[in-house]
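Colleague: Given chain U, put chains V, H and D in place with the hints provided.
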Amino acid sequence: MDMRDKIKERLDKKIIAWEEKSAKRIYFSVAKEEIFQTVKFLFRELGLRFVIASGMQTPTGFEILYHFSDDSTGVIYSVRIRLEDKEHPQVESITPLFPAAEWIEREMWEMLGINFRGHPNLKRLLLAEDWPQGQYPLRQDHES
Amino acid sequence: MSHKVIVPIGPYHPLQDEPEFFRLYVEGEKVVDIDIIIGYNHRGIEKLAESKHFDQVAFLVERICGICSSSHPYAYVLAVEDILGQEVNVVPERALYIRTIVDELQRIHSHLLWLGLAGHFIGYNTVWMWAWKYREPVLDMFEMITGNRNNYAMFKVGGVRRDIGEEDVPILKKTLDELVPAIDMFHGAVMDDPVIQARLKNVGVLTKEQAIDWCVLGPTARASGLNIDIRKDEPYGVCNRLDWKVIIEKDGDIFAKTKVRILELYESVRIIRQCLDRMPKGPIDADIKDVPAGEGIGRVEAPRGECFHYIKTDGTNRPVRHKIRAPSFMNVASNKVAAVGGTISDATITLAAVDPCYCCTERVIVLNKQDNRKVMNGWDLIKLSQEKTNKLKEELKDGRTK
Amino acid sequence: MDFRLKALTKSIWVFHVSAGSCNNCDIEIFDCLTPRFDVERFGIQLVGSVRHADALLVTGIINRKALPRVKKIYEQAPKPCVVVAIGQCALSQHMFRFGYNAPEPLDKILPVDVYIPGCPPKPEAIIDGIVKLVNKVRQKK
Amino acid sequence: MKLLFSYLIFPGFLFSAVIGLLAGWFDRKVTARIQWRVGPPWHQNFTDIIKLLGKETIVPEGARLTFLLSPYLGLLALILASAILGEAIFFPTPGFIGDLIVVIYLLAIPAIALIIGASSSANPLASVGASREIKLLLGYELPFILAIITIIVKANGGIKLEDILNHQSSYGSSIFSLSGAIAFIVALLCIQAKLGFVPFDIAEADQEIMAGTMIEYSGLPLAVFKLTKAILITVTILFLIVLFLGKDLSPLFLILKFVMILVIIILIKNTNPRLRIDQALKFFWGPVTAMALVALFLAVKGL
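Listed in order, the protein sequences are those of chains U, V, H and D. Note that this note's numbering numbers the first sequence so that position 94 is 650, with each residue one more than the last. Note that this note's numbering numbers the second sequence so that position 83 is 84, with each residue one more than the last. Note that this note's numbering numbers the third sequence so that position 56 is 84, with each residue one more than the last. Note that this note's numbering numbers the fourth sequence so that position 165 is 446, with each residue one more than the last.
If we strip away everything but chain U, and leave its shape as in the complex, we get (with noise of 0.2 angstroms):
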């Protein structure tokens, strides 16, 4: 249970939810601006494994998930953000921290149309070179 107390009480002002769904898998948001300090907490010093962000749209804007495992305990840990701005949505990019997270921002960016400030080559990861600009496929209205 010493992680979980960890976060808390490293974070516990700017943990706005909280939400520990079962033993392995707890889910907590935090506000936009935090998240570049929140996940090199968890991962430089409490020394989470960065799994994989999911980004998705929701009715009040867009919502992107980044997930840290504990690999001792098996728990998965994640955070959830908000951006409420729909027609620019953007967020601190996490690249600088560590080098895996280039690809799956590169691949949100593409998708969803979120801006990633910071990202050191923030550009077409798989769709093709004539895919027309304005489209992103993982929007709600993108025909499947």
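Hints are supplied without guarantee of correctness; some may be wrong.
Capping the alpha-carbon separation at 25 angstroms, the derived lysine-lysine pairs in PhoX-like fashion look like this [unchecked claim]: (1) D:310 - V:134; (2) D:550 - V:134; (3) U:580 - V:233; (4) H:160 - H:107; (5) D:310 - H:38; (6) V:175 - V:282; (7) H:38 - D:507; (8) H:150 - V:175; (9) V:337 - U:596; (10) V:233 - U:562; (11) U:577 - V:290; (12) U:596 - V:209; (13) V:233 - U:577; (14) V:260 - V:337; (15) D:507 - H:107; (16) D:310 - H:34; (17) H:160 - H:136; (18) H:160 - H:38; (19) V:246 - U:580; (20) V:337 - U:679.
Using C-beta positions, here's what the derived DEER-type ranges look like [said to hold, decoys possible]: (21) V:242 - U:629: 16 to 24 angstroms; (22) D:317 - H:31: 32 to 40 angstroms; (23) U:690 - V:198: 50 to 58 angstroms; (24) U:677 - V:57: 32 to 40 angstroms.
No lab work stands behind these hints, which were simulated from the structure alone. A virtual CB, placed ideally from N, CA and C, is assigned to each residue, including glycine.
Modeller: Quick look at chains V, H and D alone, frame taken from chain U:
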């Protein structure tokens, strides 16, 4: 993630110039920089998953990668069962055993496949033929249990689609018994063959810090000393009830990765044997009717690492969001560090060491730094690596004879 | 001309084009080379250059990024050249048909001669497909 | 008329092509057997050639005229070489002076033809293949000629094939003497490189993408190249027989010797992976040339 790393056009790259999978920038022999272009296999599976209901997604997810076509559906099914509460109390006992058997059998067939191709890349075509020859009986087992050599369609939310008949168990055991001497032969061939050792030792090294930074998974991470194995960290199926050990190596080079994979073959055989002995009778499916709203995460140890599925549902029978992340997404990105610095003749085997889809490693194109003129390409690199093996063989021979 | 076609059926040189495939079909094609299904006894060889190819084995849905390249390859293969669509994805784009990245199926791009269904088609099915191809070429002469 | 016959039919083109294609088939069959595979039927190489004749020939734009001519250059040279060798073996008519030298040059021409062809096809990969072919050519020519000089010295200065054969029939095949044996090994390795079999096929066939220098060829020129390679197998092995095992060339012994050399070459081919171009060069200029010099020295001493 559906954007499996895949090779653009034909494993033999055609004549005209177009973006290759790996673009190695070279100065003379040394690899200076590496540029990875993926996306040729992007089929938009995540978007498609949103238009299919829960049973259909299992089939869609199975066709993400040809070699680990039981890990993705297993992780997806675990994600949905995560929403329904823990897998253990949702799925009947016998189904848990069958799931573990299919998952481990698939690990054997995938590791054997990699072993053959690795042998091919460093110049031993007979190893390739032999490894794939011993892989055929494993595929026959799959055909017997699930009806198809690769895409098994065994996994279903709440259980398994087909049962393993009583008469199949002895045949399965016999095949495993025949497989063990073959693995011993490979173990012997790889471990004490001086040329292979000289060829794979401290090549394409991924140190522990780099492994952590790049969040690599599976054998690639375990060869660098990271103790990551989802079967132990977050047990699913019956993994925690059986006794087997996680293989960890320290020096992170390709030799360690090969060793990890071969020793894992033994572990998988052991797991399957224990499962076959302890498999109880009983139902194999809890036929779940509907999935409540919520979020679920499913993780499975695929042959290449952790397969991660995240599902968000809103009570209807279609997922709202289905995030898939295959292990190679992280492992292949780490090639940027592992391949740079080595010579181009080692480049092919380094890229193959993370065991991405087999044809990913054949489309490498080497441009020399200054004028970007094409110097070599995929098969040529394979030739180079095969030649290097030969050179080492000579040296070792002279070494012995001198 | 017919004895040349007859010779063509006895020694088909195959070039493998994987356009957005999940690798199952690619592995099954390689399986045909391995000891159990060895196709070299029919004279079938996997060649590396499109110039030497008689048959193009196309696998996978032709996604948007791979489409122009598949066309280019077909133009470069010396005629008479046969196109063999292997696997359900190459036939009808399988379950990825409505995906945003799969513009059109293979037979709208290239004239396909043999369809080998299956996901993945077993090596026996691939060999059977090649046999049917051989008979078709014999009739055509 | 008789001349034409000997060039085109018997010891010349047709005979050596058939033998060469059969030898090629034998090689593919043995390699397959080692890998537990069945391997192609006997007529496989013939069918490949016939099929290629029926194929369309594509000339890449930007390829120069020599692109189409070079295959025939190699073929003609080899027809001449096989005719001369055939004459010496089957009909003991007195060959012309220095026919040994002529055969050596004729054997080098196919490799040069390949280089011209590859560099004239406008493909960067082929040009890289051609450059490697040149390096390989430089590598094995030197020791090859040294080995042949050893034989000339042993046959006390006879440059005519016929003299060498007579010398060997009286003093026993030159392979049994020490210098002859060493020279045989050197010549065998050079033949392996000239044929472009596995340890030394860096430049030729499957270098870049299983096409290397022949990447742009299709249809007729490709068939001619394959034919040239088949004839090359026959001619080089016959050449070795004449030089080293010339004792008695009755048909039975000839076939036996031919198969023996072929088996040795295939074994070398299957037991080790390919050499990188710089390794191959070091290998040829280093140990192989040294051996050739030792053989020459011994021959001069009269051993």
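Colleague: Look at each hint and say if it fits the structure.
Modeller: Outcome of the hint check:
1. D:310 - V:134: Distance of about 18 angstroms is within 25 angstroms: holds.
2. D:550 - V:134: Given that 25 angstroms is the threshold and the Cα spacing comes to 22 angstroms, the pair holds.
3. U:580 - V:233: 14 angstroms, holds
4. H:160 - H:107: It holds: about 19 angstroms lies between the C-alpha atoms, which stays within 25 angstroms.
5. D:310 - H:38: This hinted pair holds, its Cα atoms lying about 16 angstroms apart.
6. V:175 - V:282: Holds: residue 175 of chain V and residue 282 of chain V sit about 21 angstroms apart, inside 25 angstroms.
7. H:38 - D:507: With a Cα-Cα distance of about 17 angstroms, the restraint between residue 38 of chain H and residue 507 of chain D holds, given a limit of 25 angstroms.
8. H:150 - V:175: OK: residue 150 of chain H and residue 175 of chain V at ~24 angstroms, within 25 angstroms.
9. V:337 - U:596: 23 angstroms, holds
10. V:233 - U:562: Cα-Cα ~24 angstroms, so holds.
11. U:577 - V:290: Within the cut-off at roughly 22 angstroms; holds.
12. U:596 - V:209: 19 angstroms, holds
13. V:233 - U:577: The hint holds at about 21 angstroms.
14. V:260 - V:337: Given pair residue 260 of chain V, residue 337 of chain V holds - Cα atoms ~23 angstroms apart, limit 25 angstroms.
15. D:507 - H:107: Holds: residue 507 of chain D and residue 107 of chain H sit about 19 angstroms apart, inside 25 angstroms.
16. D:310 - H:34: Given that 25 angstroms is the threshold and the Cα spacing comes to 22 angstroms, the pair holds.
17. H:160 - H:136: Holds - the C-alpha atoms of residue 136 of chain H and residue 160 of chain H are around 22 angstroms apart, at most 25 angstroms.
18. H:160 - H:38: Holds, because 13 angstroms separates the two Cα atoms, which is no more than 25 angstroms.
19. V:246 - U:580: Answer holds: residue 246 of chain V to residue 580 of chain U is near 22 angstroms, not above 25 angstroms.
20. V:337 - U:679: 17 angstroms, holds
21. V:242 - U:629: 16 to 24 angstroms: Given range 16 to 24 angstroms: holds, Cβ gap about 19 angstroms.
22. D:317 - H:31: 32 to 40 angstroms: Roughly 34 angstroms apart at Cβ, these two residues keep to the hinted range, so it holds.
23. U:690 - V:198: 50 to 58 angstroms: 55 angstroms, holds
24. U:677 - V:57: 32 to 40 angstroms: Because 37 angstroms falls inside the window, the suggested range holds.
The structure meets every hint from the earlier list without exception.
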